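There are 2 protein chains.
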Amino acid sequence: MNETTRRIAILGAGGLGRNAVRLLEQKSEFRLVAIGDSQGFVFNEAGIGSADFDAVAEGESVEKIGRRSGDSAAEVIALNKAGKIDAVFLAVPNIPNNFIPELIVRFCREGFRGVIVDALKRTSAVRQILATEKEIANSGVLYVTGAGATPGLLTAAANLAAQSFQEIDEVKIWFGVGMNGWEKHRATIREDIAHMPGFNIEKVRAMSDSEVEAVLTECKGLLELHNMEHADDILLERAGTVAAERVKVGGLVDVASAKKPVSTTMTLTGRTFEGKTSSHRFILGDETSMSANVLGPAFGWMKAGLELHDRGIRGLFSSADLMPKFVG
Amino acid sequence: MNETTRRIAILGAGGLGRNAVRLLEQKSEFRLVAIGDSQGFVFNEAGIGSADFDAVAEGESVEKIGRRSGDSAAEVIALNKAGKIDAVFLAVPNIPNNFIPELIVRFCREGFRGVIVDALKRTSAVRQILATEKEIANSGVLYVTGAGATPGLLTAAANLAAQSFQEIDEVKIWFGVGMNGWEKHRATIREDIAHMPGFNIEKVRAMSDSEVEAVLTECKGLLELHNMEHADDILLERAGTVAAERVKVGGLVDVASAKKPVSTTMTLTGRTFEGKTSSHRFILGDETSMSANVLGPAFGWMKAGLELHDRGIRGLFSSADLMPKFVG
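Sequence order for the protein chains is D and R. According to our numbering, the first sequence is numbered sequentially starting from 20. According to our numbering, the second sequence is numbered sequentially starting from 20.
Since the hints were derived computationally from the structure, they do not count as laboratory data. Bear in mind the structure is a predicted one, so any value in this text is a computation, not a measurement. Among the hints, erroneous ones may be present.
Since the list gives no way to pick out one identical chain from another, each pair is judged satisfied if it fits inside one copy or across any two copies.
Below, in silico cross-link-like pairs of lysine to aspartate or glutamate (EDC-like), each with a Cα-Cα straight-line distance of 20 angstroms or less [unchecked claim]:
id : residue 1 : residue 2
1  : Lys267    : Asp329
2  : Lys191    : Asp305
3  : Lys278    : Asp305
4  : Lys295    : Asp305
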């Protein structure tokens with residue numbers, strides 16, 4: 020660790036937060052100094068790791084190293100004002116639907132100066148973030164939204180691929196997910212099923228686990244999903260790259276096998292200035308997990324955001340606007 | 020054209036410049052207002068096109084629409100100071116080897132305020148640009164180097180792909196080029212042959228056209244090139260993404276067929292934070308020409324540079340640092 024080590028806080032002690040801690044443990048440029056969720060909050064200037072995370076996640080034992088706190092955001096803002104936290108990764112679920120937007124407004128109004136990054140997925144969630152743009156622009160915050168895998172890594176790949184073309188016909192993001200059993204991914208699977216014909220979020224929420232399993236059995240564990248609500252669409256439109264309705268997200272989820280049924284691929288089709296129609300593709304390696312493809316980019320955008328923040332830039336950016344920086 | 024239309028100058032009236040004019044004719048956000056080379060210079064606030072370009076390129080007829088000028092750089096700098104040019108695309112060859120670096124220093128010292136972009140290829144050429152970094156940092160210039168295809172589009176793809184990994188093993192850029200006959204691409208083919216075993220730039224320069232043709236006949240028109248000197252290596256190292264020696268550039272050039280012998284592909288192999296080794300790939304559509312993949316990105320980076328310049332940012336950036344912006 021050196022003088023330019025950035026001090027990071029994670030808000031949210033679920034699966035995403037847990038993997039973020041594991042990833043940050045391997046980084047020397049970033050030091051995780053705080054973790055908070057609705058139950059507890061831990062801060063240690065010298066750096067904290069997986070054990071501390073568990074304490075927060077379990078709630079019970081948080082007093083051993085941190086303390087109970089009903090307001091982790093207030094703790095982070097206070098530490099930022101004391102010069103002890105540079106950036107925040109939001110690993111909290113956006114439940115209720117306005118939870119994160121209201122959190123952002125608080126950070127802005129209560130004087131947080133630094134970078135905040137989310138890895139939100141759904142178009143409706145990111146749209147709510149975009150609605151806070153003015154608030155962010157007039158604050159000390161540089162905020163990067165949609166900075167995970169899709170939106171995120173694949174949004175950026177689409178934006179990059181678009182540069183070779185004069186007109187963009189379509190961006191197609193088609194992912195493959197393999198999971199050996201659905202028990203560990205109940206929430207994700209339920210969200211996926213909600214995107215299948217004949218289902219929606221409310222309907223799936225009302226289903227019992229055995230009803231979900233019956234659906235999985237019926238489709239032999241292979242869910243084919245179309246027109247998924249991922250915010251790549253509005254972020255690419257906002258960047259001026261392509262109209263939102265030309266961005267399609269879908270894929271194949273194999274619940275019965277850890278092997279991906281198809282390689283996750285972003286395909287951008289367009290017409291060059293010479294009148295040729297062609298497609299550029301960005302293909303993710305099958306061995307890379309969703310965590311690697313979400314969290315690596317998220318912290319890459321955090322680093323890019325911190326460099327711009329150092330140069331006095333504030334405001335709302337997305338994965339379609341900024342080139343992420345590799346965090347060593 | 021609207022109030023935010025950017026006024027562009029191109030320096031260099033060769034093949035790259037000619038295609039840049041064709042591309043800009045299709046853009047509404049950018050207006051080409053000046054073209055210059057060593058012989059002539061044309062400026063028209065209302066916009067200029069291919070006919071004007073031909074006049075400059077031919078030298079003879081330049082007085083009809085522009086004027087002879089032995090110093091196009093001085094013309095561009097004067098017009099920039101008069102508020103009539105926002106950005107310059109350098110389409111000049113870097114011959115002699117310090118031509119562009121000296122040009123940059125002139126732009127910086129003589130008070131140019133705006134964005135300059137190059138699409139230089141060779142590591143040695145880009146290294147010279149990097150040596151002018153301090154000069155640029157203390158000027159009114161935001162300069163983007165290596166902003167073509169490789170380095171450029173594929174450098175950016177590599178930097179993006181790297182984000183999913185904790186350690187990068189290798190970046191391999193492997194291109195396919197098809198050309199039906201070498202007559203139109205003499206300089207490029209000679210440069211390619213210089214990268215083959217047993218050849219170098221001096222040796223190829225001394226060869227006659229029929230000697231070059233003999234080489235092409237011997238390899239049946241298919242040139243396999245390894246360890247090419249493309250600046251992707253030093254730009255990715257400078258961005259902190261991967262050590263230069265881990266970046267390999269090569270490919271297959273088919274001189275006898277317009278069809279590409281292989282799809283141009285960037286493959287980045289690395290290890291994720293979970294310890295998995297895998298590769299992300301970025302594959303260019305076979306129908307996209309070198310011009311489309313060089314020039315689209317170049318103006319995309321120019322737009323990104325202009326937005327940062329508007330926000331007060333100056334200095335030297337590369338295709339590994341900035342996300343290009345789609346120019347409508």
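Verification of the supplied hints:
1. Lys267 with Asp329: neither (36 angstroms within a copy, 33 angstroms between copies)
2. Lys191 with Asp305: both (18 angstroms within a copy, 18 angstroms between copies)
3. Lys278 with Asp305: Answer is within: at 8 angstroms inside a copy they meet the 20 angstroms cutoff, but 30 angstroms across does not.
4. Lys295 with Asp305: between (31 angstroms within a copy, 10 angstroms between copies)
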